[in-house]
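With the hints as your guide, set chain B onto chain A.
Residue numbers (my numbering), protein chains in the order written: chain A, 1 to 124; chain B, 125 to 497.
Heads up, a few of these hints could be off.
[As the list claims (entries may be wrong)] Some chain B residues near chain A, calculated using beta-carbon distances under 8 Å:
# : residue
1 : Val359
2 : Ile423
3 : Arg425
4 : Tyr451
[Said to hold, decoys possible] Below, in silico cross-link-like pairs of lysine-lysine (BS3-like), each with a Cα-Cα straight-line distance of 25 Å or less:
#  : chain 1 : residue 1 : chain 2 : residue 2
5  : A       : Lys74     : A       : Lys101
6  : B       : Lys467    : B       : Lys490
7  : B       : Lys135    : A       : Lys62
8  : B       : Lys490    : A       : Lys62
9  : B       : Lys495    : A       : Lys62
10 : B       : Lys215    : B       : Lys490
11 : A       : Lys62     : B       : Lys417
12 : A       : Lys10     : B       : Lys148
13 : B       : Lys345    : B       : Lys274
14 : B       : Lys134    : B       : Lys148
15 : A       : Lys62     : B       : Lys148
16 : B       : Lys134    : A       : Lys62
17 : B       : Lys473    : B       : Lys417
18 : B       : Lys195    : B       : Lys215
19 : B       : Lys495    : B       : Lys417
20 : A       : Lys54     : A       : Lys74
21 : B       : Lys215    : B       : Lys495
22 : B       : Lys148    : B       : Lys135
23 : B       : Lys135    : B       : Lys345
24 : B       : Lys345    : B       : Lys134
25 : B       : Lys222    : B       : Lys195
[As the list claims (entries may be wrong)] Calculated from the model, a selection of chain A residues having no Cβ within reach of chain B, i.e. all distances over 10 Å:
#  : residue
26 : Ala20
27 : Val45
28 : Phe52
29 : Ala53
30 : Phe68
31 : Glu77
32 : Val88
33 : Tyr94
34 : Leu104
35 : Glu109
36 : Ala117
37 : Glu124
None of these hints come from the bench; they were simulated from the model.
Values in this document were obtained by computation on a predicted structure and should not be read as measured data.
Cβ atoms here follow ideal geometry from the backbone N, Cα and C, with glycine treated the same way.
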Amino acid sequence: MFPDDLKYSKEHEWVRINGAIAEVGVTLFAQESLGDIVYVDLPVVGSEVEQFAKFGEIESVKAVSDLFCPVSGKIVEVNLETVDNPEVVNVEPYDSGWLIKVELSEPSELDGLMDAATYESTLE
Amino acid sequence: MLTNGLQCPKKTPLHATHLESNAKMTEFCGWDMPVQYSNGIIAEVRAVRESAGIFDVSHMGRIEFGGPGTKYFLGTVLSANLMALKIGRSKYNFICNKDGGIIDDAMIYRIEDERFLLVVNAGNTDEDLEWITSQAVDDSDCNMAILTNKTAMIAIQGPQAVAIVDDVTDGLASQIGRFRIATASFNGYVATLARTGYTGEDGFEIIVPADQGPDLWSLLKSVGAVECGLGSRDVLRLEAGLPLHGNDLSPSTNPFEAGFGRFVYSQAPGYVAGDALMQISTSESQRLLVGFKMIGRGIPRSGLRILSFLSDQDTCSVIGIVTSGTYSPTVDGGIGMGYVDRKYSEAGKQIVIDVRGRLVEAEIVKLPFYKPV
Numbered sequence: 001m002f003p004d005d006l007k008y009s010k011e012h013e014w015v016r017i018n019g020a021i022a023e024v025g026v027t028l029f030a031q032e033s034l035g036d037i038v039y040v041d042l043p044v045v046g047s048e049v050e051q052f053a054k055f056g057e058i059e060s061v062k063a064v065s066d067l068f069c070p071v072s073g074k075i076v077e078v079n080l081e082t083v084d085n086p087e088v089v090n091v092e093p094y095d096s097g098w099l100i101k102v103e104l105s106e107p108s109e110l111d112g113l114m115d116a117a118t119y120e121s122t123l124e
Numbered sequence: 125m126l127t128n129g130l131q132c133p134k135k136t137p138l139h140a141t142h143l144e145s146n147a148k149m150t151e152f153c154g155w156d157m158p159v160q161y162s163n164g165i166i167a168e169v170r171a172v173r174e175s176a177g178i179f180d181v182s183h184m185g186r187i188e189f190g191g192p193g194t195k196y197f198l199g200t201v202l203s204a205n206l207m208a209l210k211i212g213r214s215k216y217n218f219i220c221n222k223d224g225g226i227i228d229d230a231m232i233y234r235i236e237d238e239r240f241l242l243v244v245n246a247g248n249t250d251e252d253l254e255w256i257t258s259q260a261v262d263d264s265d266c267n268m269a270i271l272t273n274k275t276a277m278i279a280i281q282g283p284q285a286v287a288i289v290d291d292v293t294d295g296l297a298s299q300i301g302r303f304r305i306a307t308a309s310f311n312g313y314v315a316t317l318a319r320t321g322y323t324g325e326d327g328f329e330i331i332v333p334a335d336q337g338p339d340l341w342s343l344l345k346s347v348g349a350v351e352c353g354l355g356s357r358d359v360l361r362l363e364a365g366l367p368l369h370g371n372d373l374s375p376s377t378n379p380f381e382a383g384f385g386r387f388v389y390s391q392a393p394g395y396v397a398g399d400a401l402m403q404i405s406t407s408e409s410q411r412l413l414v415g416f417k418m419i420g421r422g423i424p425r426s427g428l429r430i431l432s433f434l435s436d437q438d439t440c441s442v443i444g445i446v447t448s449g450t451y452s453p454t455v456d457g458g459i460g461m462g463y464v465d466r467k468y469s470e471a472g473k474q475i476v477i478d479v480r481g482r483l484v485e486a487e488i489v490k491l492p493f494y495k496p497v
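Bound-form chain A, shown alone (with noise of 0.2 Å):
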């Protein structure tokens, strides 16, 4: 449900961190409140994020939600595969369903993230 080894925001986004790169996507909880995803609108890259700022936007058949950054930094990647078939990011919400890619600026802001464990007691 909420991998161990990912950091959690509260507005439920995930940080996979690979070194210096930090990969950022919704969770589980997120992809199954949002119902079937259509439509996914990501920034440009190289484009800078602040932590908790919005950074795109993200709709379900019904409803349109913003994404914020669980990190502040310079984007350099987004998922490609979410322009076509945004519907991967409820079928694979941790891998295939990633949405941007942030060269972290900061990162002492990771401590201020929650643990799985502390991100599915919020959920209660």
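For chain B alone, coordinates are given in the frame of chain A:
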């Protein structure tokens, strides 16, 4: 929260069934209703387009009118030409105020010479009843019975829907023609079957006593109908080019600018909206309700501005507003309806939708977006 002894939000006779199926519930017009079931909205839309889906529509207002003055009285409040409505048939129509504004859109069914069933939107039932009763006079000679709380209503829609109902009713259903209504007793059920719906597909809207609702739902499910909620219902009606009151229709819109003048008969004796509608029908509407398909990436949503580029000035002007929008799995793209200035309303016209700051190209198309073969 209690109002008049009724708990809010209200529950249809099928409420427990939806919870057992793990439906995602939401409050809709004072009712606790299913938005979707476990397989999601897109799967439900596909099921209705490919086989058959069932919808709990028990929350919709169902009112029966009877008595020697019924046809005359209803002619004073409905836009339908009731003189031309034969027994066993139905008409889509509007409940208009005296300015021709739309209080609600509705289906009127003629069950007997002077006995009619009116089905209205759940969100407007109270307003409809208040308006209709306010138009009654001492010698109207028409009685009204509210059936909503005593009955359940299930819509079954899709290419397999009629076959399924025919099977379950031992061949009675297929004898009812499209857009007609009849009562039928089968398998212990006493039902009113109306061959109408809100998806563009063939099928039935079935009314049974409230306590028979859950069993009928289970029966239809057991022979292959897929449970569908309000989420897919909204996608399906938009694909079929059907308006939603509260979005595409309102008291500030009239049937002519919405493109539904063919459902207006303004000459019934004593028709409260007759003069206004007659006047509107003879003048040109400034704006028209149109359908459009997205060309660029983006999904239209209610409230977004519609723009047009002025090619010689390279600036764009606001020419309208989106009133309904969604992603359609059936046509695989964003679709929507909205009001635009008359001169931009032709099919084929390129327009621009302002999707929260992103300008996305779209094209006006003739409705419906999808029509079953």
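How the hints compare with the structure:
1. For the restraint placing Val359(B) at the interface with chain A, the shortest Cβ-Cβ distance is roughly 6 Å, inside the 8 Å limit, so the hint holds.
2. At about 5 Å, the closest approach between the beta carbon of Ile423(B) and any beta carbon in chain A falls short of 8 Å, and the interface hint on this residue holds.
3. Restraint check, Arg425(B) versus chain A: the minimum CB separation of about 7 Å is within 8 Å; hint holds.
4. About 4 Å separates the beta-carbon of Tyr451(B) from the nearest beta-carbon of chain A, less than 8 Å, and the hint is met.
5. Pair hint Lys74(A) plus Lys101(A) holds up; C-alpha atoms about 8 Å apart against a cutoff of 25 Å.
6. Restraint check: the Cα-Cα separation between Lys467(B) and Lys490(B) comes to about 15 Å, which is no more than 25 Å; the hinted pair holds.
7. Of the supplied pair hints, the one linking Lys135(B) and Lys62(A) holds, its CA atoms being roughly 23 Å apart against a limit of 25 Å.
8. In summary, the hint linking Lys490(B) to Lys62(A) is supported, as the alpha carbons are separated by about 24 Å, within the 25 Å threshold.
9. For the suggested pair Lys495(B) and Lys62(A), the alpha carbons sit about 22 Å apart, so the restraint of at most 25 Å is met.
10. Under the criterion of a C-alpha separation no larger than 25 Å, the hint pairing Lys215(B) with Lys490(B) is consistent with the structure, at around 22 Å.
11. For the hint linking Lys62(A) to Lys417(B), the alpha-carbon distance of about 17 Å falls within 25 Å, and the restraint holds.
12. Pair hint Lys10(A) plus Lys148(B) holds up; C-alpha atoms about 22 Å apart against a cutoff of 25 Å.
13. With a CA separation close to 22 Å, the supplied pair Lys345(B) and Lys274(B) stays within the 25 Å bound.
14. Distance restraint check for Lys134(B) and Lys148(B): the Cα-Cα separation of roughly 16 Å lies within the 25 Å cut-off, and the hinted pair is therefore satisfied.
15. Restraint check: the Cα-Cα separation between Lys62(A) and Lys148(B) comes to about 13 Å, which is no more than 25 Å; the hinted pair holds.
16. Between the alpha carbons of Lys134(B) and Lys62(A) the distance comes to roughly 23 Å, so the proposed pair stays at or under 25 Å and holds.
17. Between Lys473(B) and Lys417(B) the CA atoms are separated by roughly 11 Å; this keeps the pair inside 25 Å, and the hint holds.
18. In summary, the hint linking Lys195(B) to Lys215(B) is supported, as the alpha carbons are separated by about 14 Å, within the 25 Å threshold.
19. Of the supplied pair hints, the one linking Lys495(B) and Lys417(B) holds, its CA atoms being roughly 15 Å apart against a limit of 25 Å.
20. Distance hint between Lys54(A) and Lys74(A) is fulfilled; the C-alpha atoms sit about 14 Å from each other, no more than 25 Å.
21. A threshold of 25 Å between alpha carbons decides the hint, and for Lys215(B) with Lys495(B) the separation of about 20 Å falls inside it, so the pair holds.
22. Using a Cα cut-off of 25 Å, the hinted pair Lys148(B) and Lys135(B) holds, with the two alpha carbons roughly 14 Å apart.
23. As the CA atoms of Lys135(B) and Lys345(B) are separated by approximately 20 Å, the hinted pair is consistent with the 25 Å bound.
24. Using a Cα cut-off of 25 Å, the hinted pair Lys345(B) and Lys134(B) holds, with the two alpha carbons roughly 24 Å apart.
25. At roughly 19 Å between alpha-carbon atoms, Lys222(B) and Lys195(B) fall within 25 Å of each other, so this suggested pair holds.
26. Every Cβ of chain B is farther than 10 Å from the Cβ of Ala20(A); the closest lies at roughly 31 Å, confirming the non-interface assignment.
27. Look at Val45(A): its CB is around 17 Å from the nearest CB on chain B, clear of 10 Å, so calling it non-interface holds up.
28. A cut-off of 10 Å between C-beta atoms confirms that Phe52(A) is not in contact with chain B; the least separation is 20 Å.
29. For Ala53(A), the non-interface assignment is confirmed: its Cβ lies about 16 Å from the closest Cβ of chain B, beyond the 10 Å cut-off.
30. Taking the minimum C-beta to C-beta distance to chain B, about 16 Å, the non-interface status of Phe68(A) holds against the 10 Å cut.
31. Consistency note on Glu77(A): stated as away from chain B, and its beta-carbon is indeed over 10 Å from all of that chain's, at 19 Å minimum.
32. With a least CB separation of 14 Å from chain B, Val88(A) remains clear of the 10 Å interface cut-off, as annotated.
33. A cut-off of 10 Å between C-beta atoms confirms that Tyr94(A) is not in contact with chain B; the least separation is 19 Å.
34. Distance check for Leu104(A) against chain B: the nearest CB is about 28 Å away, which clears 10 Å, and the non-interface claim stands.
35. Interface exclusion of Glu109(A) from chain B stands, the closest Cβ pair being 28 Å apart, more than 10 Å.
36. Consistency note on Ala117(A): stated as away from chain B, and its beta-carbon is indeed over 10 Å from all of that chain's, at 26 Å minimum.
37. Taking the minimum C-beta to C-beta distance to chain B, about 18 Å, the non-interface status of Glu124(A) holds against the 10 Å cut.
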